[in-house]
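Peer 1: Starting from the structure of chain A, add chain B where the hints point.
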Amino acid sequence: MTMELFVVFLASSVRLAIPLLFAATGEYVSERAGIVNMSVEGMMLTGAFGGALGTAMTGSPYFGLLFAVVIVLPVALLQSVLTNTLRANQVVTGIGINILVLGLTTLGYRQFFGNRSREMITGFNAWSPPFLGDLPVIGPIFHQAGLAYLAVAIIIALAWFMSRTGAGVALRAAGEDPHAVAISGVPVITLRHGAVLFTGLMAALGGAFLSIAEIHTFTEGMTRGAGYLAIVAVIFGNWKIWRIVLACLLFGAATALQFQLPAIGVQLPNALLIMMPYLLALLAVAGLVGRQIAPRALAQPFWK
Amino acid sequence: MTDIPYQLPGIPSAAYSDILGRIAIPVIAVVAAFLVGLVAVMAMGVPLDRAVSAFINGAFGSAYSISASLNRSISLALVGIGFVIAARAGLTNVGGEGQIAMGGVFATALCLAPGIAELPFGLSFIIPLVGGAIAGGVWGAIAGFLKVRAGANEVITTLLLSFIAIWLLYWSVQSENLLRQPMTSSATLPESLSIPASTQVPLLTGSYTSPVTWGLPLTIVIAIAAAIILSRSVFGFNLKAIGFNPVAAARAGIAVGAGVVTALFVAGALGGLAGALMLQGEQYSLKAGFSSNYGFDGLVVGLLARNSITGVIAGAVLFGFMRSGGISMEMMASVPSALVGIIQGLIVVSIAGAAYFLDRRSAR
Chain A
1324 MTMELFVVFL ASSVRLAIPL LFAATGEYVS ERAGIVNMSV EGMMLTGAFG
1374 GALGTAMTGS PYFGLLFAVV IVLPVALLQS VLTNTLRANQ VVTGIGINIL
1424 VLGLTTLGYR QFFGNRSREM ITGFNAWSPP FLGDLPVIGP IFHQAGLAYL
1474 AVAIIIALAW FMSRTGAGVA LRAAGEDPHA VAISGVPVIT LRHGAVLFTG
1524 LMAALGGAFL SIAEIHTFTE GMTRGAGYLA IVAVIFGNWK IWRIVLACLL
1574 FGAATALQFQ LPAIGVQLPN ALLIMMPYLL ALLAVAGLVG RQIAPRALAQ
1624 PFWK
Chain B
120 MTDIPYQLPG IPSAAYSDIL GRIAIPVIAV VAAFLVGLVA VMAMGVPLDR
170 AVSAFINGAF GSAYSISASL NRSISLALVG IGFVIAARAG LTNVGGEGQI
220 AMGGVFATAL CLAPGIAELP FGLSFIIPLV GGAIAGGVWG AIAGFLKVRA
270 GANEVITTLL LSFIAIWLLY WSVQSENLLR QPMTSSATLP ESLSIPASTQ
320 VPLLTGSYTS PVTWGLPLTI VIAIAAAIIL SRSVFGFNLK AIGFNPVAAA
370 RAGIAVGAGV VTALFVAGAL GGLAGALMLQ GEQYSLKAGF SSNYGFDGLV
420 VGLLARNSIT GVIAGAVLFG FMRSGGISME MMASVPSALV GIIQGLIVVS
470 IAGAAYFLDR RSAR
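Residue numbers (this note's numbering), protein chains in the order written: chain A, 1324 to 1627; chain B, 120 to 483.
Hints in this document: simulated from the structure, not taken from any laboratory. Check the hints yourself; a few may be wrong.
[As the list claims (entries may be wrong)] Covered stretches of chain A (in silico footprint by chain B; criterion: 3 or more residues with CB under 8 Å from a CB of chain B, positions within the stretch not fixed):
hint	region
1	1409-1417
2	1589-1600
[Said to hold, decoys possible] From the structure, some residues in chain A lie toward chain B, with a derived Cβ separation under 8 Å:
hint	residue
3	Gly1382
4	Leu1405
5	Leu1430
6	Ala1617
Every residue gets a Cβ at the ideal spot worked out from N, C-alpha and C, and that includes glycine.
Pulled out of the complex, with its shape left as it was, chain A reads as follows (with noise of 0.2 Å):
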């Protein structure tokens, strides 16, 4: 592989990891906190929908962006209310969300899409940041949509408000051991609809760059399954914020790949990488690659 293939692999790894960063780090919130969100999955559906819509609509990306996060709310909402309010199963309630969702959105598409569903949407165009951009070989990687960029801000002070503000470790204790977070005065339950209502924005962002940055329009399930591959960076990224980053951008190399290596003349079944983050999580949770520690009360409804 020549540099140049290399650096557009790079470039590719980390555009096809995006819409996952958003919705892992999203995950990642709302799991310390003690909730798994099945749901993850629908939310980017409703995202990717959203953006789609509200671009079609109006003819702006940014109004489209803000689109999906308003129509993905209500779903957080009722997946919140669900599992912290009416402690209901999180596991089934998340894939009947997931069902539910793919439903409306698919109905949705069909209604507003119909006659012109092969129509593109006005999406964001790549931007090289100054500087960084104009380096020579990897300036490349760079040149990527700015909700890129937005990812790792969003990414850098998330990292410091939970392990350096006292909501952030309140909600990292609200995972391992509620009752005494309840003890020491702090509302277990508001923090948790926080922590389910932040996963649905990052999620919406997520789903959102896949409609608008990436496909340039909206295809029935589109998500095919993102959503899934979220939580599973999750678990594979240990729980920790730095590794579930790595992670995502391991699984979206994995993808790339893909496009790759045939393009290079070597013949892999695509199953084998498309399975590669499943595979690998299953070790890790196997204990076959370092040691898993989930939160405590990882899907325990908290009764007071």
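Peer 2: Frame of chain A; chain B shown alone:
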């Protein structure tokens, strides 16, 4: 990873809330969700009577449609029964989708294997069924083994194993070295050869006008056996003990590790059997997307049944007939079958949410 105790709904409580939970709430949820569906049909401007009659025709309008619906219900019921068996031991099997896929792959391989089709006494279709069940069972048992050995949460491992199985299936129909039919032209589809007639599960009536297979009586027998084993056998009692308190069960001399692996093996085997039946009784060739969400729907059926086999049957029949009705509605009344997804999603979400009002006392 440390073990995560998983809170399942369905801890038996007072008789009154049992009746409410098992019958009233699901009925209300189903009726309300269908009403929402009707409103959506009207909002789309489709004449209501046309949509409803298309749905009814597709679901149970003829012997053929009833048979097709029942064949769908069988797969959902088998996955659901497996879910309930694993749940009895406190295990949440999210892996139905992958267990169906593995069952389908191995059943296909056996059906197409040389010599199998010529076997006498029905062995030509029984061996692939058994092979599919074992493949699904092994896939489930891996999660059990990882839980016992490494403490890996089975919700996570069964989900991961599902995705791996789905892509293994995709691989096997993409590669000529595996199950893909020989490429005669560039238009050769990425799917397996059709399985020989002798490996297909016979039809109950013998006629393609009502193509319900012998899978139906088999599933009924399995359901009855599961209900008896869960409530009357030592194995069922052991599972229950493990589910309530694995430490206490171990102290009482129950082999907890073996119980966990066996429970997930049985759950997986029923998923694998569902996959083999889908292949040998309905689809006759393996394609990508073979499992088409029956695993997730079956899981939902199992969970909503609140640990009752009768509940699984009711849910499987409902979801099976809804699938058929939805497909027919799309073809005959041009109402997207996505509407059925919306109705199903609403049913799942509202029943799961309503569990709060039933579990409040027992969970405290």
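Peer 1: Hints first: check each against the structure and report whether it holds.
Peer 2: Comparing the hints with the structure gives:
1. 1409-1417: holds (count 7)
2. 1589-1600: Three-residue rule met by the region 1589-1600 of chain A, so holds; n is 6.
3. Gly1382: With a closest approach of 26 Å, the Gly1382 (chain A) hint is violated.
4. Leu1405: Leu1405 (chain A) check passes; min Cβ-Cβ to chain B is 5 Å, inside 8 Å.
5. Leu1430: At 5 Å from the nearest chain B Cβ, Leu1430 (chain A) passes the 8 Å test, so the hint holds.
6. Ala1617: Check passed: Cβ of Ala1617 (chain A) comes within 5 Å of chain B, closer than 8 Å.
When the structure is compared with the earlier hints, a violation turns up for hint 3 alone.
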